[in-house]
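Using the numbering used here, you'd call the opening residue of the sequence shown number 1 and step up by one each time.
Bear in mind the hints are in silico, worked out from the structure with no lab data behind them. Among the clues, some could well be false.
[What the hints assert, rightly or not] 30 Å max Cα-Cα, derived DSS-like pairs, lysine-lysine:
{"hint": "1", "residue 1": "Lys86", "residue 2": "Lys72"}
{"hint": "2", "residue 1": "Lys76", "residue 2": "Lys106"}
{"hint": "3", "residue 1": "Lys106", "residue 2": "Lys214"}
{"hint": "4", "residue 1": "Lys76", "residue 2": "Lys86"}
{"hint": "5", "residue 1": "Lys138", "residue 2": "Lys55"}
{"hint": "6", "residue 1": "Lys55", "residue 2": "Lys106"}
{"hint": "7", "residue 1": "Lys72", "residue 2": "Lys106"}
{"hint": "8", "residue 1": "Lys127", "residue 2": "Lys72"}
[To be verified] The following label-pair restraints were derived from C-beta to C-beta distances:
{"hint": "9", "residue 1": "Asn87", "residue 2": "Gly185", "range": "35 to 43 Å"}
{"hint": "10", "residue 1": "Ala153", "residue 2": "Glu211", "range": "31 to 39 Å"}
{"hint": "11", "residue 1": "Asp198", "residue 2": "Ser46", "range": "29 to 37 Å"}
{"hint": "12", "residue 1": "Ser60", "residue 2": "Glu100", "range": "19 to 27 Å"}
{"hint": "13", "residue 1": "Glu100", "residue 2": "Ala139", "range": "18 to 26 Å"}
{"hint": "14", "residue 1": "Asp198", "residue 2": "Asp159", "range": "20 to 28 Å"}
{"hint": "15", "residue 1": "Thr73", "residue 2": "Asp198", "range": "19 to 27 Å"}
{"hint": "16", "residue 1": "Glu211", "residue 2": "His161", "range": "25 to 33 Å"}
{"hint": "17", "residue 1": "Ala221", "residue 2": "Asn54", "range": "35 to 43 Å"}
{"hint": "18", "residue 1": "His161", "residue 2": "Glu62", "range": "32 to 40 Å"}
{"hint": "19", "residue 1": "Ser143", "residue 2": "Asp120", "range": "35 to 43 Å"}
{"hint": "20", "residue 1": "Asp140", "residue 2": "Glu212", "range": "34 to 42 Å"}
{"hint": "21", "residue 1": "Trp68", "residue 2": "Arg232", "range": "35 to 43 Å"}
For every residue, glycine included, the Cβ atom is placed at its ideal position computed from N, Cα and C.
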Amino acid sequence: MSANHPENAVVGAVTRDGPPTQWTGTARLVKGCHGCDKAYQSQQKSLQRCSRCNKALYCSRECQIDDWPEHKTKCKLNAKMNEEAKNSPDGGRAWNEFDEWVSCHKRVFALVFQHALKLDTDPDAYKSKALAVKLEPKADSASYPLRERYNVASAEVADLHELREAVVAVLGDRLETLDQPMANGERFGAIVISSRYDYFHFQHAYLSPPEEIKAALREAALPEDWVSWLDRAVNENFEARLKGPKPGKVRRRQRRRQR
Numbered sequence: 001m002s003a004n005h006p007e008n009a010v011v012g013a014v015t016r017d018g019p020p021t022q023w024t025g026t027a028r029l030v031k032g033c034h035g036c037d038k039a040y041q042s043q044q045k046s047l048q049r050c051s052r053c054n055k056a057l058y059c060s061r062e063c064q065i066d067d068w069p070e071h072k073t074k075c076k077l078n079a080k081m082n083e084e085a086k087n088s089p090d091g092g093r094a095w096n097e098f099d100e101w102v103s104c105h106k107r108v109f110a111l112v113f114q115h116a117l118k119l120d121t122d123p124d125a126y127k128s129k130a131l132a133v134k135l136e137p138k139a140d141s142a143s144y145p146l147r148e149r150y151n152v153a154s155a156e157v158a159d160l161h162e163l164r165e166a167v168v169a170v171l172g173d174r175l176e177t178l179d180q181p182m183a184n185g186e187r188f189g190a191i192v193i194s195s196r197y198d199y200f201h202f203q204h205a206y207l208s209p210p211e212e213i214k215a216a217l218r219e220a221a222l223p224e225d226w227v228s229w230l231d232r233a234v235n236e237n238f239e240a241r242l243k244g245p246k247p248g249k250v251r252r253r254q255r256r257r258q259r
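Based on the provided sequences and hints, a complete structural model is requested.
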């Protein structure tokens, strides 16, 4: 294993061993607008995808325009990755499935990021640390609903600089999208999610003010073994039961404070 491998960027790792997590069942997954996070209901008109990257969903032209400053760089990079995926033997099917799976669990990953970095007691930890998550596709994964096709094999808190060095060859310019927003005072964390097929996804975890993070973590009461909790959360759609502001709302509040 090379010195730049993500596994060598560990600051604090947590094993899957630990007490069992109490669970109350599954919940329904709903799609939402990438701009306002408004949930889509079946009786409403369909959400429209960005025509360039075919990833971001919007409920209106206004939301698309409002989100463009944030989406612009990601759009270009997603479009590039889509083109590269088309050259794969399956025409990009596996990559698109992986990317869609990550989108099903964004708020869960953001919550675990806050817990793993202990942002309730160290609110500036996101400036120097990141979250690295490795996934394992299930056997016969196509027989499962999309949101249940991967297990969490491992997850660890990593040094942000070392993680960037480790994955820059794969993610390239995506990591540079951290620099200018952070310089402008925006608060968000870096989450790198990978699978055994060398697929990587880079997620910005927009952060609420410190007091809101403290309240959210108290309510969620994640166990010490947060890796096993994360595995159960993505398999039982905990995303649909999370309370509090969605990423789009947090992002817009940060923008308003900067104006």
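Hints, one by one, checked against the model:
Of the pairs offered as hints, the one joining lysine 86 and lysine 72 holds, with about 22 Å between alpha carbons and a cut-off of 30 Å not exceeded. At most 30 Å may separate the alpha-carbon atoms for a hinted pair to count; lysine 76 and lysine 106 meet this at roughly 20 Å. Annotation: proposed proximity of lysine 106 to lysine 214 holds, straight-line Cα distance about 19 Å (limit 30 Å). Restraint check: the Cα-Cα separation between lysine 76 and lysine 86 comes to about 16 Å, which is no more than 30 Å; the hinted pair holds.
Restraint check: the Cα-Cα separation between lysine 138 and lysine 55 comes to about 24 Å, which is no more than 30 Å; the hinted pair holds. A threshold of 30 Å between alpha carbons decides the hint, and for lysine 55 with lysine 106 the separation of about 14 Å falls inside it, so the pair holds. Distance restraint check for lysine 72 and lysine 106: the Cα-Cα separation of roughly 19 Å lies within the 30 Å cut-off, and the hinted pair is therefore satisfied. Simply put, lysine 127 and lysine 72 have alpha-carbon atoms about 23 Å apart, close enough for the 30 Å limit, and the pair holds.
Roughly 40 Å separates the CB atoms of asparagine 87 and glycine 185, a value that falls within the hinted 35 to 43 Å. Checked against the given bound of 31 to 39 Å, the beta carbons of alanine 153 and glutamate 211, roughly 34 Å apart, stay inside it. A hinted range of 29 to 37 Å holds for the C-beta pair aspartate 198 and serine 46, which are about 33 Å apart. Distance hint check for serine 60 and glutamate 100: the Cβ-Cβ separation is about 22 Å, which falls inside the suggested range of 19 to 27 Å.
A beta carbon spacing of about 20 Å between glutamate 100 and alanine 139 agrees with the range 18 to 26 Å that was offered as a hint. With their beta carbons about 22 Å apart, aspartate 198 and aspartate 159 fall inside the hinted range of 20 to 28 Å. Between threonine 73 and aspartate 198 the CB atoms are about 22 Å apart, so this pair conforms to the stated range of 19 to 27 Å. For the pair glutamate 211 and histidine 161, the beta carbons lie near 28 Å from each other, so the given range of 25 to 33 Å is met.
For the pair alanine 221 and asparagine 54, the beta carbons lie near 38 Å from each other, so the given range of 35 to 43 Å is met. Under the hint 32 to 40 Å, the C-beta atoms of histidine 161 and glutamate 62, about 38 Å apart, fit the expected range. In this structure the hint that serine 143 and aspartate 120 lie 35 to 43 Å apart at CB holds, the actual value being about 39 Å. Hint check: aspartate 140 to glutamate 212, Cβ distance near 41 Å, so the stated range 34 to 42 Å holds.
Between tryptophan 68 and arginine 232 the beta carbons are some 36 Å apart, a value that agrees with the proposed interval 35 to 43 Å.
In summary, the structure agrees with every hint in the numbered list given earlier.
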